[in-house]
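Next come the chains, spelled out residue by residue.
Number of protein chains: 2
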Amino acid sequence: MKSKKVTFADIAAYTNFSKTTISRYFNNPDSLTLENQQKIADALVALDYKENKVGRILASGKTEFVGIIIPNLYMHYYAEMLNQILATYETYGYKFLVFAGNEKKDIERKYIEELLAYNIEGMIILSPTISSKELAAYDIPVVGIEREDRCICSVNTDNYMGGVQATSLLKKCGCDIFIHINAKLPDTVPAYGRVKGFTDICEEYQLPHERIFTELGNSYEDNREKMLGIEKMLKERYPDQKKGVFLSNDTHANVFLNILIGKYGRFPADYKIVGFDNSPISSEAAIPISTVGQQIPVIAREAMELLSVQMDERKKRRPVLLKEPIHRIVTPVLIRRGTA
Amino acid sequence: MKSKKVTFADIAAYTNFSKTTISRYFNNPDSLTLENQQKIADALVALDYKENKVGRILASGKTEFVGIIIPNLYMHYYAEMLNQILATYETYGYKFLVFAGNEKKDIERKYIEELLAYNIEGMIILSPTISSKELAAYDIPVVGIEREDRCICSVNTDNYMGGVQATSLLKKCGCDIFIHINAKLPDTVPAYGRVKGFTDICEEYQLPHERIFTELGNSYEDNREKMLGIEKMLKERYPDQKKGVFLSNDTHANVFLNILIGKYGRFPADYKIVGFDNSPISSEAAIPISTVGQQIPVIAREAMELLSVQMDERKKRRPVLLKEPIHRIVTPVLIRRGTA
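Residue numbers (this note's numbering), protein chains in the order written: chain L, 17 to 356; chain Z, 17 to 356.
Next up, chain L with everything else stripped away, as it sits in the complex (with noise of 0.2 Å):
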């Protein structure tokens, strides 16, 4: 049998303070002697007082909840940049709800308008899907990473500086060709900076370069598939020359090595291959594969420390807003292993 709930009442009879002075006590401490304050939590034990947050938050209208979007937890990088998320409970104190997407837009937006209703004071989103124009009209803290975002706060990998990076390897490799492999992506997303580091450099030094941008599929075998068609015509189109191959991420860099490693039972000299993420799959590779890393603990960090001073805001009494969204770059790292 449960016992019957202690009330703000209760204590105040106890006390024989008014309620008004147990209220003060939950709410703003400092504002009673600390001789009072010993009292009253002097009494809370007597009491065995459960504290109930959701009292609190109907008085305060703060729930220490934040809302997480994201597109999936199927590929590593949201995986552990989730896992970095998660991990700032213990620095900040905020609880996450938190929902996988899967690109269904409607979904994510009923999501959206139910963590409203419980008053979540942000939101971290990943999830391309919902403009950064709808996301800002909630009128509630945003941060996206690594997403369209012209409306609201954002922290993203400096991608341009990871093209430069990966192109610069192939470049210092020797490379006779150089290649980048990516999908079709609109100029708005943070990505698109790789393709367009990996241009300036190519034009900067006037190294010969195709770019061949494609869907590769969502499965290993759609990946695999596409792949062996693009490493055949790279081989005919270029049988003599020492091809240097950028690929969008470690995923696919993986394919190709495992296509190459297939077809000439090792991994031939006449290729170099350098992916993007650091994902596990890069150091479990058959042969570990040169990337470039995102910095995830350092990107998961930042957004909710950008995510945080605007909830901080929220809580005074003036709240002066954000005239313009802050955008943070957090520059990635080089990682050199077997393959370039």
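Keep in mind the hints are simulated off the structure, nothing from the lab.
A hint or two may mislead.
Because identical chains share one entry, a pair is satisfied inside a single copy or across any pair of copies.
The list that follows gives simulated cross-link-like pairs (lysine to any residue, SDA-like), each with its CA atoms no further than 25 Å apart [to be verified]: (1) Lys126 to Gly190; (2) Lys126 to Pro45; (3) Lys187 to Ile228; (4) Lys332 to Val205; (5) Lys121 to Thr347; (6) Lys120 to Glu321; (7) Lys248 to Ile228.
Owing to the predicted nature of the structure, the values given are computational and were not obtained by experimental measurement.
Since the structure of chain L is already known, use the hints to place chain Z on it.
Frame of chain L; chain Z shown alone:
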């Protein structure tokens, strides 16, 4: 500028119903006639009423929040399980407060206590740190997945069947010596069934076998270091025998495979390998790895079903609580690929 919030009093004034009737509409709509329900519904639209769920929580004590404690999101198994649990939002409507405990027992405990203060309705626990006895004492519905589960409900893969499937496959491949590599597991965790399944099949068919129980470490480099020693030992001890190796997960199976390919230039004919989990790495490996696949979507769905039945029961006026925890078992699926 925000418009003033519409209150029950406003709705009552608009509809000429009492505030009690309005409250009933939200908390027990079937106590009103359909006609009156419609009148109130129309009023909500006319007044542009925004539901304040926090108020409802306070009235009903029900939050539609479920806490999830996972060890980490670095391991694909946990990330994909979380992905599938989150996807049940579309079926059940529960929102998930997620925490990655990273084996910090005290912080997990603090987190759970915070969640209880917010009136979460139930918990799904994948983290092994807190005993099922302690979890059961929290007195809310709890479902465990692949962890010690003596005092709580649980959904687990049939690990014993998985061990049987893997060993039977190696037997079918005509192996001479059977090896199982695993961590030192207590027999209270479900994964111990893999060891038992392996051992029983070997003993039943009098197959020569060896079990290697060792900590392989938490990084690819540590895994590789340990596994190099194991491969060397196996080669020396069983030089001319066909070695069937059943590893406790696909990550370790991939490390072992890469060592063989690195050492012999190909997957040698005197080895067969079976992993566990059907993680992405098993299909992305240089040679796709045969594995015992866990049915993660089924496990996630069963866990949520088991939890929601208990949460629903608690909403009844006279809930009948479970006398004994329920344990559900999901059959694994053997997936044959290139290594066995």
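Right, here's what the structure says about each hint:
no., hint, verdict
1, Lys126 to Gly190, "neither (52 Å within a copy, 55 Å between copies)"
2, Lys126 to Pro45, "between (37 Å within a copy, 22 Å between copies)"
3, Lys187 to Ile228, "within (18 Å within a copy, 46 Å between copies)"
4, Lys332 to Val205, "neither (34 Å within a copy, 49 Å between copies)"
5, Lys121 to Thr347, "neither (31 Å within a copy, 34 Å between copies)"
6, Lys120 to Glu321, "between (28 Å within a copy, 23 Å between copies)"
7, Lys248 to Ile228, "within (13 Å within a copy, 44 Å between copies)"
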